[in-house]
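Novice: So the sequence lines, in the order shown, correspond to chains A and B. Everything in the first sequence is counted per the numbering used here, starting at 1 for the first residue and increasing by one. Everything in the second sequence is counted per the numbering used here, starting at 1 for the first residue and increasing by one.
Note that these hints are calculated values from the structure, not bench results. This structure is a prediction, so every number in the text was calculated from the model and none was measured. Positions of the beta carbon are idealized from the N, C-alpha and C atoms, including for glycine. Any given hint might turn out to be false.
[To be verified] Here are the computed distance ranges between Cβ atoms for each label pair:
| no. | chain 1 | residue 1 | chain 2 | residue 2 | range |
| --- | --- | --- | --- | --- | --- |
| 1 | B | Gly171 | A | Trp115 | 39 to 49 Å |
| 2 | B | Arg164 | A | Glu18 | 16 to 26 Å |
| 3 | B | Pro223 | A | Asn41 | 43 to 53 Å |
| 4 | B | Arg164 | A | Ala191 | 40 to 50 Å |
| 5 | B | Thr163 | A | Lys68 | 35 to 45 Å |
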Amino acid sequence: MTTEHALRAEDLTLGYGERTVVEGLDLAVPPGRITAIVGANACGKSTLLRSMTRLLAPRAGRVLLDGKAVHRLPAKELARTLGLLPQSPIAPEGITAADLIGRGRNPHQGVFSRWKPEDDAAVAAALEATQTTELADRAVDELSGGQRQRVWIAMALAQQTDLLLLDEPTTFLDVSHQIEVLDLLTDLNRARGTTIVMVLHDLNMAARYADHLVAMAGGRVHATGTPDQVLTEECVRAVFGLDSRVVVDPTSGKPLMLPLGRHHTDAAVQTVDAAG
Amino acid sequence: MTAVLTPTPSTVDTVARGRVRRAARRRLVTTLLALAVLVAFAVTLMVGRTFYPPGDVLRVVLGSDVPGASFTVGTLRLPRAVLAVTAGLSFGLAGVTFQTMLRNPLASPDVIGITSGASAAAAFAIVVLGWSGTAVSVTAIVSALGVALLIYSLAFKDGVAGTRLVLIGIGVAAMGKSVTSYVLSKAGAWDFAEALRWLTGSLNGSTWEATVPALLALLVLGPVLLRQTRALSALQLGDDTASALGVRVERTRIIAIIAAVGLLAFATAACGPIAFVSFLAGPIAARLVGPNGSLLVPAALVGALLVLVADLCGQFAFGTRFPVGVVTGVLGAPYLIYLIVRTNRAGGSL
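The shape of chain A in the complex, shown without the other chains (with noise of 0.2 Å):
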């Protein structure tokens, strides 16, 4: 098992330039589980992402990894326990799966040190991990967005960091490759402990792989809990400004959220009625 890191904000603010994105966010990452953050568009999730890789400094407020500011952390050793995977990460043209995946090690190596066995190992692991074997020879441009995906989260999982964030990894990917790439961080989850923090934009794959579910608003924290405690229709309404029945999904036991628009919705409003 992995060692467990505590990664929180304290009464962070974020911005770009002008435009304040996150005002007086507090955040606790619980160890060891897997955490989705969800939100509308525009409500500063991947901005939280981005400062606790230190991308973004923060203007208020901070970012800490058991308890020391990550903006104060040497950058090799923040990035030995905390991995990122951006949403649009660039592949260079015509780079090798294995080549990719291998700059994952880039934390563990010197300015001019030789690659080393475990290094080797790492990839190795990696690739068996995401089940990208038979694709380390082959050009990232070449492959599928599914497999593509597999060798970038293969690329972080070769950094072997403790704790993981992905911004939107399941984007752009059919729904039968959203659920590949969901199950693969959920067996790392459980297999090696690490912690996961995940930016989704789909509230009911939220809710059925998250163990913690973080709804952003406007900037903060709207709601934290599990999925049945925050995936409520009033959350829903809420956080999205949407109107929606929330139903227990019959596969998994997890809340499932219907959206009601204003057309294709009888039956939700002969289900009101019945009630009411």
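Take the given structure of chain A and dock chain B to it, following the hints.
Specialist: The following block gives chain B in isolation, referenced to the frame of chain A:
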């Protein structure tokens, strides 16, 4: 630390073999390039109006006195060859650094105006102010840094977008060229050869006085850039990914820009902005080495080879002698057009 799930030995083996195979190709190509540079360097010393055999050349280089050869090889050809290698390495290294950092083959310093800024300043200092030596180099480096800063700040809007930077840079490059032309046309002693040096680059009339500062700059700044190899490779994956991999993004960028601009400015102050060497070296090296791993060293060697071979062609391949920049310009321009056409076809973005 992390408990790693133990991978199958066969997978570890596959990973290790793949890595060794890719590294072997890099090493082979780099060695061959270094040999080619050495051969071109030797040929530059041997060939000219009078041919001197390798033995004579070697003795002159090692310091003994050979009648005839000592002057021709030692005083005329050696500074020229050393400057060709120095400038080529500097242009290649600086070019590939910019292209890697900005993730855009068009973002090389000679396309985006940094080289022409250095050149305009050097021409102004020499032709108008009558300066020489270190003062010229300093003027060139200050001007090149100024131009880099100008392009960066003009292109900056919620981060630097490659396309905007390239377009602004092309405009700045045109400004630099027109400043150079203006300075040369206003100068009392209008000298065609001198004009060509500052417009396209030339190795004619190379002296030790001009060569030594560029060589020293390469010896100091080259290693500074090479130290950033891993960080630059990480930057290729995007700023966010690089930061997550423990790279101090802003710091890396500042070090790389200052070192690359310094290399360019010193080389430009010595021989002018040899056209398109920065622009061509990286892509050619990438073609030779393949997509994996850093291109810094191979691109530097390609730069040196380009300058040496282009200079030999310029001197001896045609009836008249052309400055080296004319030859590299002929090579580079079609590639520039090709890149722009290709990126336009790919959907209008660079």
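Novice: Using the C-beta atoms of B:Gly171 and A:Trp115, is the stated range 39 to 49 Å upheld?
Specialist: Since B:Gly171 and A:Trp115 have Cβ atoms about 43 Å apart, the given range 39 to 49 Å holds.
Novice: Evaluate the given range 35 to 45 Å for the C-beta pair formed by B:Thr163 and A:Lys68.
Specialist: holds (39 Å)
Novice: Does the hinted range 16 to 26 Å hold for B:Arg164 and A:Glu18 at CB?
Specialist: For A:Glu18 against B:Arg164, whose Cβ atoms are near 20 Å apart, the range 16 to 26 Å holds.
Novice: Indicate whether the distance between the beta carbons of B:Pro223 and A:Asn41 respects the range 43 to 53 Å.
Specialist: holds (46 Å)
Novice: Tell me if the beta carbons of B:Arg164 and A:Ala191 are separated by a distance inside 40 to 50 Å.
Specialist: holds (45 Å)
Violation of the numbered hints given earlier is absent; every hint is satisfied by the structure.
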